[in-house]
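Participant: Each chain, written out:
Number of protein chains: 2
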Amino acid sequence: MLGGGIIGGGWAGRFVLSGVNVLLYDPARGAAEAVRKVIDDARRAYWRLGIPLPAEGTLKVVDTIAEAVCDVEFVQESAPERLELKQQLLAAASRVAAPEILICSSTSGFMPSSLQEGVDHSERVLVGHPFNPVYLLPLVELCGGRSTDPNALDRAAEIYRSVGMRPLVVRKEVDGFIANRLQEAIWREGLWLAHDDVATLEEIDDAIRYSFGLRLAVKGPFNIGGSGAAMRQMLEKWGPDLTSKWTNYSNVPEHNDAFIDKLAEQSDARSEKLTSAQLQQKRDECLVAVLQGLRAEGYGAGETFLRWEQALRLQPDK
Amino acid sequence: MLGGGIIGGGWAGRFVLSGVNVLLYDPARGAAEAVRKVIDDARRAYWRLGIPLPAEGTLKVVDTIAEAVCDVEFVQESAPERLELKQQLLAAASRVAAPEILICSSTSGFMPSSLQEGVDHSERVLVGHPFNPVYLLPLVELCGGRSTDPNALDRAAEIYRSVGMRPLVVRKEVDGFIANRLQEAIWREGLWLAHDDVATLEEIDDAIRYSFGLRLAVKGPFNIGGSGAAMRQMLEKWGPDLTSKWTNYSNVPEHNDAFIDKLAEQSDARSEKLTSAQLQQKRDECLVAVLQGLRAEGYGAGETFLRWEQALRLQPDK
Numbered sequence: 096m097l098g099g100g101i102i103g104g105g106w107a108g109r110f111v112l113s114g115v116n117v118l119l120y121d122p123a124r125g126a127a128e129a130v131r132k133v134i135d136d137a138r139r140a141y142w143r144l145g146i147p148l149p150a151e152g153t154l155k156v157v158d159t160i161a162e163a164v165c166d167v168e169f170v171q172e173s174a175p176e177r178l179e180l181k182q183q184l185l186a187a188a189s190r191v192a193a194p195e196i197l198i199c200s201s202t203s204g205f206m207p208s209s210l211q212e213g214v215d216h217s218e219r220v221l222v223g224h225p226f227n228p229v230y231l232l233p234l235v236e237l238c239g240g241r242s243t244d245p246n247a248l249d250r251a252a253e254i255y256r257s258v259g260m261r262p263l264v265v266r267k268e269v270d271g272f273i274a275n276r277l278q279e280a281i282w283r284e285g286l287w288l289a290h291d292d293v294a295t296l297e298e299i300d301d302a303i304r305y306s307f308g309l310r311l312a313v314k315g316p317f318n319i320g321g322s323g324a325a326m327r328q329m330l331e332k333w334g335p336d337l338t339s340k341w342t343n344y345s346n347v348p349e350h351n352d353a354f355i356d357k358l359a360e361q362s363d364a365r366s367e368k369l370t371s372a373q374l375q376q377k378r379d380e381c382l383v384a385v386l387q388g389l390r391a392e393g394y395g396a397g398e399t400f401l402r403w404e405q406a407l408r409l410q411p412d413k
Numbered sequence: 096m097l098g099g100g101i102i103g104g105g106w107a108g109r110f111v112l113s114g115v116n117v118l119l120y121d122p123a124r125g126a127a128e129a130v131r132k133v134i135d136d137a138r139r140a141y142w143r144l145g146i147p148l149p150a151e152g153t154l155k156v157v158d159t160i161a162e163a164v165c166d167v168e169f170v171q172e173s174a175p176e177r178l179e180l181k182q183q184l185l186a187a188a189s190r191v192a193a194p195e196i197l198i199c200s201s202t203s204g205f206m207p208s209s210l211q212e213g214v215d216h217s218e219r220v221l222v223g224h225p226f227n228p229v230y231l232l233p234l235v236e237l238c239g240g241r242s243t244d245p246n247a248l249d250r251a252a253e254i255y256r257s258v259g260m261r262p263l264v265v266r267k268e269v270d271g272f273i274a275n276r277l278q279e280a281i282w283r284e285g286l287w288l289a290h291d292d293v294a295t296l297e298e299i300d301d302a303i304r305y306s307f308g309l310r311l312a313v314k315g316p317f318n319i320g321g322s323g324a325a326m327r328q329m330l331e332k333w334g335p336d337l338t339s340k341w342t343n344y345s346n347v348p349e350h351n352d353a354f355i356d357k358l359a360e361q362s363d364a365r366s367e368k369l370t371s372a373q374l375q376q377k378r379d380e381c382l383v384a385v386l387q388g389l390r391a392e393g394y395g396a397g398e399t400f401l402r403w404e405q406a407l408r409l410q411p412d413k
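Protein sequences, first through last, are from chains E and Z. Just add 95 to the spot in the first sequence (first one is 1) and you have my numbering. Just add 95 to the spot in the second sequence (first one is 1) and you have my numbering.
For the record, the hints were derived by calculation from the structure and aren't laboratory data. Be aware that one or more of the hints could be misleading.
Note that identical chains are pooled: a pair holds if it fits in a single copy or bridges any two copies.
Said to hold, decoys possible - Derived lysine to aspartate or glutamate pairs resembling EDC-like cross-links, with alpha carbons at most 16 angstroms apart:
{"hint": "1", "residue 1": "K368", "residue 2": "E195"}
{"hint": "2", "residue 1": "K332", "residue 2": "E349"}
{"hint": "3", "residue 1": "K377", "residue 2": "D136"}
{"hint": "4", "residue 1": "K377", "residue 2": "E392"}
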């Protein structure tokens, strides 16, 4: 693995606790400790989830890119979101890793084709974009670039599935892939609501988590049940409203000092006072509770557990 | 109550099972049976949730608007979403209901000021917008119009709290209030992703429910923990990207025949084949599981249960 941090640490948690040995390279000071802390968080979450785990894999922190990608079965890159940095890292890794070894980038928005520039055997390079916390949220968006071998997408999907994830192949290269574009749409509309003083940031958050946020944990908005006829009816009914009613807010409010100050002040004034660490712990506890419920129903994200537990049972205990 | 249907039925479920007697007027054929079915769904959901309930209230279906709003403590209107119809209904109700009785509309988008036109004592008219299924999702958005008495908002909030809901006062009149604007932002971006063949509708749904949908059940996107400084940093870091990177999609794809056909075909071709009724049942089972988890954590939507159970204990058993 290349890059620790929140995302790299989350990957390490998922892999190590699924019984996979991880070699980690991250030049940042304190990276190893940060990753070990995320693995601890993952261990606690899995323990609460109550899924039967194999003997843990090992985490070994190495000093060079070469050591992290030599003699491994798979490379996951989770460096900071700067295009040149990622390009250089992937190129360096590609010159050392055996040509058939998959190299997947955790980028949350760069096009895979741009990541393939200067990379040896770029047909094994693709995006494998996870969601924070990586050790709990199952989705990983796979996106191939101009030179990606379709077979590489299949192989990557298999590897991700074996650690309990839900791979989803994005059909076209597009900035932000699928989920982040949708998240950005919420963020943008929320910024306008705050900009126009319709609601504070805290009120916007509450409006979501007490209503449709609960529903989105269970089913997506386009799953309306029934057949295409139902969808047709819905589109015909609401399509005209979309252009006339609730869609004033399509651009982005100017991020000037006054706007940033206002939102910073609203964040300071929130009634719920949690530090990032406290919020993360509460989030994990609640996500575990939500996932445990869905696991019992075997539905949505609950499905992935069935496959995961099966995959884990297939691994020899070490 | 004025209007049965999915939303009116959901209100009936919440009220009746919280021990409140309901008088329902709905001129549609079969409305009473439909409402009784939703109450059955609510009963099943609450039973699975395991919350201690008082003796049920009664549901009485009446033949006139007058009977539904005379001698009641509260009027909730959930007629079909047509402005003139709602205006006529609210005006008729206002001429019969005692002047101090609150009249709340379930409208999902009309401005309360426009609903106050022609209404007697319009200071007691406001929007109380719930989310489907009303008997499970706690949010109710309160929005007053030009002539709404601020005290009416407080009184309505108290009533909604007593049946386990989470009232949220919208600070300004705006079409779609808060949550529906955010939902529409997702819907619109999703339509573009499907339009441009980045993903099918089913893939978009999966991208949501296996990733950030799970997170949104727990916490809103603007709750990043820490202080205003963290928010400031986030805005300064991502603000420029918002205008340059992932925001090509700000308008609405033309809903022409080819587009509607395509989405109807994708809906027919979904791998998960559920009728509306099956989907609704699965959704309820999963929502119950999710809410049960959050209730155990006492966080987010789980909080509302503490207040609800307390309110229910305060009611005399009938």
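Participant: Taking the earlier hints as the rules, which of them does this structure contradict?
Facilitator: Of the numbered hints, just 1 does not hold.
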